[in-house]
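Chains Y and P are the protein sequences, given in the same order. Sequential numbering of the first sequence, starting at 5, is according to this note's numbering. Sequential numbering of the second sequence, starting at 5, is according to this note's numbering.
Keep in mind the hints are simulated off the structure, nothing from the lab. A hint or two may mislead.
The list treats identical chains as interchangeable, and a pair is accepted whether it falls inside one copy or across any two copies.
[Said to hold, decoys possible] With a cut-off of at most 35 angstroms between alpha-carbon atoms, the simulated DSBU-like pairs for lysine-lysine come out as follows:
#1 Lys55 with Lys245
#2 Lys60 with Lys172
#3 Lys170 with Lys308
#4 Lys130 with Lys172
#5 Lys172 with Lys147
#6 Lys160 with Lys245
#7 Lys100 with Lys55
#8 Lys202 with Lys298
#9 Lys55 with Lys174
#10 Lys55 with Lys308
#11 Lys202 with Lys308
#12 Lys170 with Lys100
Note that this is a predicted model, so its numbers are computed, not measured.
2 protein chains.
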Amino acid sequence: MQVTFLGTSSGVPTLNRNVSAMVLKPPQRSELWLFDCGEGTQHQFIRSNLKLSQIKKIFITHMHGDHIYGLPGLLASIGLAGSSSGIELYGPAPLKNFIDSCLYNSSSRLAYSLKFHRVENAANNKEILFEDSELEVKTAPLKHRIPSFAYRVNQKTRPGRFDIEKAKLKGIPPGPVYADLQRGEEVRLEDGRIFSGKEFCGPPRPGVSMVYCTDTVYTESAIEISRKADLLIHESTYSYKETEMAYERGHSTATMAAQIAAKANVDQLILTHLSPRYTPGNQTCPNDLLNEAKAIFPNTQLAKDFLQIDLNKS
Amino acid sequence: MQVTFLGTSSGVPTLNRNVSAMVLKPPQRSELWLFDCGEGTQHQFIRSNLKLSQIKKIFITHMHGDHIYGLPGLLASIGLAGSSSGIELYGPAPLKNFIDSCLYNSSSRLAYSLKFHRVENAANNKEILFEDSELEVKTAPLKHRIPSFAYRVNQKTRPGRFDIEKAKLKGIPPGPVYADLQRGEEVRLEDGRIFSGKEFCGPPRPGVSMVYCTDTVYTESAIEISRKADLLIHESTYSYKETEMAYERGHSTATMAAQIAAKANVDQLILTHLSPRYTPGNQTCPNDLLNEAKAIFPNTQLAKDFLQIDLNKS
């Protein structure tokens with residue numbers, strides 16, 4: 005699982021940080037999942053090693069402009085490129101209206117299908133939002149000025165590694181039977197011998213997990229959805245000095261993000277959605293936010309645009 | 005009058021050219037007028053020497069996404085900066101719906117006033133769209149797949165230069181009377197002498213004029229609104245080799261843009277809105293479009309992002 009940050013600023017773009025967007029590349033698939041889509045996200049794709057045409061799913065946390073204003077242009081450009089087989093959109097209820105109205109008013113017709121999925125029910129009833137044989141996505145309500153939702157992507161537990169050398173030593177002839185054994189099945193060879201896949205497979209391998217948590221002030225549901233995740237990406241709009249403003253505006257301080265990470269017992273924390281006030285050289289700068297979080301949760305790093313993280317279970 | 009290009013690509017952004025936007029700085033005013041606002045226009049402001057907070061008027065040529073998708077973010081960012089006293093928006097009828105719906109769906113309230121002006125009537129009836137003591141704006145219908153409008157900004161003729169030395173030589177005491185003379189008025193001094201401003205003023209100075217013409221295929225109304233303009237900015241999506249496609253999609257070739265410039269007898273032509281297919285290194289590149297136009301209208305140049313042109317009458 006690979007994560008690429010395309011926008012890490014809060015509210016407005018700066019010279020070095022665009023507004024929110026993050027891309028997840030699920031393991032062993034040539035597809036991309038986009039989380040939030042601030043204005044200029046399609047421009048960030050051009051500057052990255054990622055392809056717009058590979059986007060299959062888009063998850064929107066909430067309807068503020070710095071998380072959605074890049075959607076109409078991104079969807080239109082994917083349409084002009086003509087290579088999409090369809091996109092599934094997950095987000096709050098007004099998302100469909102927003103997209104429909106933008107496309108209608110600009111006389112745009114997409115040459116591929118858009119499917120909308122409201123996330124409120126899955127979030128409030130703790131239902132699984134999406135699931136296939138390898139991955140599942142969960143969502144949880146956050147605490148912001150408008151409805152806002154966290155997303156968690158879990159890679160499912162995979163079968164143990166297949167010991168091909170052991171199978172060869174037993175004189176099992178290579179062929180489709182190896183795939184059956186790899187899945188742990190019992191097979192009967194032509195010579196009558198019977199083998200169980202289990203004797204050639206290592207222990208099941210747990211999958212990796214990533215949580216994307218923005219925009220929100222400190223909230224228990226963020227802890228709940230983040231439990232034992234390999235990676236928690238959490239907003240950190242402010243430093244602890246602006247705690248009052250954080251509560252007022254429904255945003256987190258670096259301290260709050262670190263507390264969520266610590267209480268949820270995650271493996272690593274990445275801070276994103278930094279207020280543009282923290283430019284290097286100002287009284288408080290992004291590194292101060294990093295140090296503030298590290299004092300509580302040491303395995304923390306700062307997001308920056310185009311930062312790419314590979315998540316693999318050791 | 006100063007013109008700055010912020011986006012010169014057609015349809016989709018490229019690494020070097022953003023989608024359509026152009027900024028006009030009227031003479032001797034600390035305000036900016038924006039023409040079209042493709043996605044990422046606010047990002048281009050950050051990279052330029054122009055300030056978002058100085059935008060007073062926005063003119064939209066037509067409702068295609070590459071000309072309007074930057075508006076919601078730009079208007080929201082101006083609101084967050086908190087320094088606007090209001091913006092006047094000129095464009096086709098659906099513009100208000102588009103903005104209202106984007107702001108509503110993203111729970112955005114602007115802390116300044118937005119005033120919408122539909123341009124259809126002024127364009128079809130050849131009425132003046134806007135006028136004050138120094139400037140006037142006209143508009144004309146173009147020929148595109150959806151309603152599209154050209155804009156012309158005329159600086160009005162200014163009084164001749166005031167010869168301050170001549171007034172001093174006549175023994176006229178400095179004071180408010182100089183301003184009266186400068187406006188060409190007749191004044192009576194305390195000593196009883198009477199002077200006419202005319203004898204201290206040079207000949208009236210004609211103003212400069214700029215026409216912004218996109219998106220459109222070749223059309224007579226583009227010639228009409230461009231007559232004798234100092235600067236014609238005309239779209240040039242395609243080379244003459246794609247003439248058929250140009251008619252099909254309602255766009256101009258470089259040849260068409262040059263023919264408009266020649267027939268309207270403008271002073272200079274700038275080509276913009278280039279198809280991303282013409283990247284340097286491809287079979288046809290932007291310089292080929294430039295040469296194609298120059299063969300018909302020699303005083304032509306290519307727009308590029310951040311190109312800045314000062315228009316002054318000699």
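Hints, verified against the model:
no. : hint               : in the structure
1   : Lys55 with Lys245  : between (40 angstroms within a copy, 30 angstroms between copies)
2   : Lys60 with Lys172  : neither (39 angstroms within a copy, 77 angstroms between copies)
3   : Lys170 with Lys308 : neither (46 angstroms within a copy, 64 angstroms between copies)
4   : Lys130 with Lys172 : neither (46 angstroms within a copy, 86 angstroms between copies)
5   : Lys172 with Lys147 : neither (56 angstroms within a copy, 72 angstroms between copies)
6   : Lys160 with Lys245 : neither (40 angstroms within a copy, 54 angstroms between copies)
7   : Lys100 with Lys55  : both (24 angstroms within a copy, 33 angstroms between copies)
8   : Lys202 with Lys298 : neither (43 angstroms within a copy, 76 angstroms between copies)
9   : Lys55 with Lys174  : neither (45 angstroms within a copy, 75 angstroms between copies)
10  : Lys55 with Lys308  : both (19 angstroms within a copy, 25 angstroms between copies)
11  : Lys202 with Lys308 : neither (44 angstroms within a copy, 64 angstroms between copies)
12  : Lys170 with Lys100 : neither (54 angstroms within a copy, 70 angstroms between copies)
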